[in-house]
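Trainee: Sequence:
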Amino acid sequence: MMESDAASTRGNVPQYSVSEISGAIKRTLESGFGRVRVRGEVTELKRYPSGHVYLSLKDEGGKISGVIWRGTVSRLGMAPENGNEVIATGKVSSYGERSSYQLIIDRMEFAGEGALLANIERLRRKLLEEGLFEADRKKPIPFLPTLVGVVTSRAGAVLHDIKTTIERRFPRDVLLWPVAVQGEGAAAQIAAAIERMAQRPRRPDVLIVARGGGSLEDLMAFNDERVLRAVAACPIPVISAVGHETDTTLIDLVSDRRAPTPTAAAEMAVPLRSELVADLAHRTARLAGGLTRIMQVSRGRLEQATAGLPDLPSLLATARMRLDDRGQRLDFALPAFVMRVRSRLDAPLHQLPSPELIVSRARAILAAPVRQLPSPVLMIERRRAALQREDTALVTVWQRADQQFHRRVERQRLSPETLKSTIRLQKARLEGLGSHLEAVSPKAILSRGYVLVQDSKGRPVTSAKATPVNDRIVLSFADGERGAKLDALTSQGDLGL
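Quick note on numbering: full-length UniProt numbering labels position 229 of the sequence shown as 229, and the sequence is numbered without any gaps.
Worth flagging that the hints you see were computed from the coordinates, not collected in a lab.
Errors might be hidden in some of the hints.
Only pairs whose alpha carbons sit at most 20 Å apart, straight line, appear in this in silico EDC-like list of lysine to aspartate or glutamate [as the list claims (entries may be wrong)]: (1) K91 <-> E41; (2) K126 <-> D136; (3) K126 <-> E225; (4) K139 <-> D205; (5) K126 <-> E85.
This one's a predicted model, so the numbers in the text were calculated from it and none came from an experiment.
Produce the complete structure using the sequences and hints provided.
Mentor: Pasting the structure below:
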């Protein structure tokens with residue numbers, strides 16, 4: 001009886017394998033909860049090389065494990081960090097091998113506005129320490145871009161406002177890169193659009209990143225770190241126009257210029273054409289007025305300088321009269337100068353012995369004994385030959401000087417000052433030649449106390465032994481000649497008697 005009761009008891013309790021129990025629990029959890037939204041603080045966050053993210057959500061009373069598969073991480077809508085208070089959306093499932101349950105997360109968002117602001121503040125401090133908000137990193141906006149790039153949603157009034165404003169102010173080409181401006185994947189699309197805009201062959205000169213107004217959660221894509229770093233690394237000047245004038249996002253701090261509205265961003269990107277035309281007309285008028293004043297002042301200075309210049313015809317007439325006067329004076333001065341030079345050249349000829357003197361000397365010699373008389377004919381011939389040589393040399397020097405003088409006069413006939421200089425040079429040269437002739441003249445040598453000693457035949461006596469004692473000699477002084485007889489000297493220097 002007792003055995004039958006035990007058998008019946010074992011037959012009423014169902015028997016399961018471990019896998020069956022694990023699967024049943026998993027089905028129960030998944031069917032009982034379905035998709036759930038769980039609010040908690042992120043903790044124990046781990047990112048594996050496979051791309052999966054494992055974490056836990058906790059609050060004051062408990063903790064639940066969670067997993068984000070690799071394919072969901074890029075579409076999550078935010079980058080979870082330890083300490084973030086988030087709302088995770090997903091389904092509850094179990095992991096049979098460990099007998100644990102977990103939340104498979106496919107969407108995540110910050111829990112409440114306070115958590116969002118705290119996360120924004122942490123990111124702001126991080127980027128501030130890296131220097132991404134520094135003013136020296138800001139790039140200037142080009143004055144008149146040829147291509148304006150716009151990163152915004154294709155739908156909505158933002159794109160229409162930007163295009164109409166650019167068309168109204170100064171028509172330019174607009175390149176749109178449509179992106180989602182809120183929700184899952186919006187931050188990734190915006191960051192990719194900014195990067196690819198800079199990689200285009202014809203990249204925009206200025207880039208506008210814009211969207212309309214919205215709540216803090218709607219604007220969170222523009223507080224995403226990926227978007228902020230893409231804007232900081234963009235080589236194109238970026239104008240941010242996110243939300244209304246009172247809305248502030250971190251992209252406003254990283255971008256080169258911040259516009260309160262998309263319309264204001266378009267006004268910053270292109271100038272107003274009517275203002276440029278008016279400014280150009282104003283500058284043109286000022287330039288024309290300045291040029292007119294410069295021309296008037298220059299004309300006045302020219303007229304003043306012209307009035308101060310002398311009359312050119314009168315200057316030419318005066319110069320012509322002066323030239324004629326100098327030419328006439330030159331015609332009179334040249335013959336007189338030639339006569340003076342010729343008389344100076346003839347002066348040495350007058351200092352030479354005259355023929356009468358030579359004849360008288362010859363007669364004195366003839367009066368001496370016949371054997372001591374020199375040959376009168378020989379002396380006359382010698383004197384005549386010497387005179388002819390000197391006269392020929394003087395005539396040659398005069399002819400050369402006269403030819404050079406006439407050549408220089410012909411070459412420089414139109415320059416009286418040059419003619420005067422030539423005359424002075426010629427005069428100095430002739431005076432030098434005359435001085436040279438006078439220096440080498442025998443008369444000059446004799447005037448310094450020297451005496452020319454000749455024997456009775458007119459030959460010069462250059463040695464004491466050349467002429468015997470008691471022989472007759474002729475002594476030629478500067479002012480005349482005297483006869484003498486050679487005597488012997490004693491050992492005391494007295495004349496022997």
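Trainee: The structure should be examined with respect to each hint, and the outcome stated for every one.
Mentor: Hint check:
no., hint, result
1, K91 <-> E41, "holds, 18 Å"
2, K126 <-> D136, "holds, 18 Å"
3, K126 <-> E225, "holds, 10 Å"
4, K139 <-> D205, "holds, 11 Å"
5, K126 <-> E85, "holds, 19 Å"
Consistency with the previously given hints is maintained throughout, with no hint failing.
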